[in-house]
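Novice: Take a look at the letters that make up each chain.
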Amino acid sequence: MSPQLSTPSKVPFFRDIRTLKWALQILALLAVFAMFYWLYGNYQENVAKSSIQTDLRFLDNPANFTIPGNDLDQSQPVRDAFVEGFLNTLRVAFIGIALATILGTLIGIARLSKNFMVRTLGTVYVELVRNLPLLLLLTFMNLAVVLQAFPRIENAWLPLDLFVVSNRGIAIPWFIGSPAQLGIGILSAALLAFVVAKIRIRQADKTGKQDRAWLVGIATFVFLVVLIWLLFGYGWELPYVDGRGTTGGLRLDPSFFALVASLVIYTSSHIAEIVRGSILAVSRGQGEAADAIALSGSQKMRLIILPQAFRIAMPALGNQYLNLIKNSSLGATISYFELTQIAQITVGNGSPAVPAFSLTLLVYLAISLVTSLVVNFFNRRLALVER
Amino acid sequence: MKSKSLSVLAVASAAGLFLAGCASTEAETTTPAATQTTTTTTTEAAGSMLDSVIAAGSVRCGTRDALPGFAVLNDSGEHVGFDSDFCRVIAAAVLGDANAVEMIDLETADRFTALQSGAIDVLVRNTTWTATRDGSEGANFLQPTFYDGQGMMVASDSGYSKISAMDGAIICVAKGTTTEGNAALESSRLGLNWEIRSFDETDLILEAFLAGQCDGWSSDVSQLTGLRSAYPNGSDALTILPEVFSKEPLAPAVLDGDTAWAQAVNWAILATIQAEEFGITSANVDSIRDTTTDVGILRFLGAEVPGSDGAAVLDPNLSLPTDFAYQVVKQVGNYGEIFARHLTPLGLDRGLNSLWNDGGILYAPPYR
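Protein chains in written order, with my numbering: chain A, 15 to 401; chain B, -11 to 356.
Treat the hints with care, since some could be wrong.
[As the list claims (entries may be wrong)] Rough simulated footprint, nothing fancy, chain B against chain A, three-plus residues with beta-carbon under 8 Å:
{"#": "1", "stretch": "152 to 162"}
{"#": "2", "stretch": "250 to 264"}
{"#": "3", "stretch": "280 to 287"}
{"#": "4", "stretch": "358 to 368"}
For the record, the hints were derived by calculation from the structure and aren't laboratory data.
Model, not experiment: these values are computed from the prediction.
Quick reminder that beta carbons are idealized off the backbone N, C-alpha and C, glycines included.
The shape of chain A in the complex, shown without the other chains:
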């Protein structure tokens, strides 16, 4: 009996797995194209029916509205209003990201604490905040906290006589003089301090002697700032209640405060979990090694654990930063004049909706992509080089 060997006949092309895979992908591609074509066709048809503008000429029309805390004139073009909205979005994003990172890291560490009280508080915070819708948190922060829990301007809180806190905003002491000049001064001082610290670190590495390089750097920075201060003659200005508003200092918009506070509280609960996970992901041996060479608790965290944890956390943190930036658009619901609010106002006042919102969309996309780029850059710098 000879074994019956059936020679495998050629698989027909319509059952060839490679053909099928290609066909599926081409079908998907066609479906996507068809959808866009259909949507665009509808848009064109509707536009033709109702003579709505489709270009960006509306940017040159007068804005016809003003922005709180800003001297945008109502006769300036819509373009300028959009720029102001963009800057306000950036303000919220920068301050929000910085504060959320600090708060999130602290809470993340707290959740790993050996102290029962600290650990439980951390857990309660994370579980409470993480499970709330952000819009609700923001509405609560605005209607319940800022409007009702903050005092009216007539009986404003004056902590230390330095601040004026009321439901019309928080005024803080601020310097008098050109902000650009001071910014350049602080930036150059920071740069110089950084260089000094780097040199000290290099020396310490060479000689092997303990050196408080960063402390020296900070001292240099403070010294330089004070020097610039004295040289250019800047002064503080304290805010005070003046009738039904405040004069002097820097006034933070109440909706700005509500927005930043909500975004920071919300995002920090997510960052805390990322930080906690990343710390746990650092190999146990690292901590034991730190104990073995008798580093203190804070030294162990600061020098050994956190630098490695942040390397792990970086990509996830980047996502949270993007979320925070995009979520800042919710400020429109509480009258914070960021990009979305500006777009809504201009559309309500006669700017065409499709180009105005398309423009807004592209600006958010650009901000997010730039943020991604920066995060990826740091991620590459921090990532372990694997060979």
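Position chain B relative to chain A; hints supplied.
Specialist: Chain B only, in chain A's frame:
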């Protein structure tokens, strides 16, 4: 393999977006001219909104739900108010049934998008007729239902007695309205440095106002009157300052380029004004139609007018039923009745909104 197919998809959708972008820039340069020539033909081809309303058997009316006097929800969830009644006027004229209305509540900032997208047939929502809205929002404004002006409301204990005294005040307004622009203009005209805050909804302004975040609440005087009457701390806690600093003709709007539908809506509203001028009310419309010999009134009510070659009913070819005015007055009432029903209780005077022969500017073209 999976990741590869995903990336192919991603590239495809990116390409789709890119192509859509290219096409739109291309279209932008050609659209203005193209629009002018195609507007009428497109509409004719697509058919009038009037036909689709008749086919659907109800009018989709863009309105709101929280403005006392103009449109609020009553205990049984029905829309009640001046604007709501004009929605019913349109339904009564076009469909012969004042209740054949679907009220669609819109946010202030979304109202024109709703109109442009065809989500509503007509917008009757305290909307000021301005040149820019007429020109660039694709809206076709019709006979104003209410001639209004912007004013300022303050807390009675605030000590403000006139607008020019409100230096450095925080003024709260509704977002996406002409109010923002008028307030900004008034502030710069009088050199008052107002801080103008815009909110999505009147409820939010109310919260801010109650908490003392706003010094002034600026809006059309009619709106302020309605809001004042419903203020939680009693209407005496608020004062509307005497100055009025803008012209606000509140008019219904339909989508541009649909003449038949625009005419139908326009004449439905004009009928309420003409009925008041004739002295026809919902109570006496039947008896007047049966007894009058006035040819003008008979024509207006769509009754048979005796003529040399037999009785005839006037049909002005408005694509409306010939008895539309009768239905409007019978089912909803004339302009004066609607005003008295909703706005007089708020303490609003007829003022500019009186008939032309009574010191106002309401004037309907002759129906013949």
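Novice: Broken hints, numbered, in rising order?
Specialist: 3
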